[in-house]
Amino acid sequence: MPFAITVLPAARRVEVVYPAEPTPRDVAEYLLAIKKVMDEIAAPWFCLVDQRALASMPEKLLEQIRTMNEYAVRKGMVRSARLVKSVFEVMENNRMAQAAQASSRSFYDRDEALRWLHGGG
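Quick note on the numbering used here: the sequence shown kicks off at 1 and runs consecutively.
Hints in this document: simulated from the structure, not taken from any laboratory. The hints are all genuine.
As a list, the in silico SDA-like pairs of lysine to any residue whose alpha-carbon atoms are at most 20 Å apart:
hint, residue 1, residue 2
1, K75, V37
2, K75, I5
3, K85, W116
4, K75, A11
5, K35, A4
6, K60, A33
7, K75, L8
8, K36, D26
9, K75, I65
10, K75, H118
Using the sequences and the accompanying hints, generate a full structural model.
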């Protein structure tokens, strides 16, 4: 299954669900599709990324996605919440985000992620 992208204009939110093992082709198609979404959505906007099914991703593909995240910020993304499988992933991802002073946090609870994403937490 490739990446799934849902745009919720009323909530000013883009939601992305990662596949378990994205292929280079999946990532290439995703990058084209998400860039189009970012070019069309009104700023400011938020992003909820569900990575709970993600088993692995090669470092080269991760670098392409990091570059697209930088583009997202330039296009008006103000916060990004990442859903992950474990508390350990939440702690590690949040530690890295704090070090980078990024407006990104990881969660394992969708409701908690949405509250934080829209400024309630």
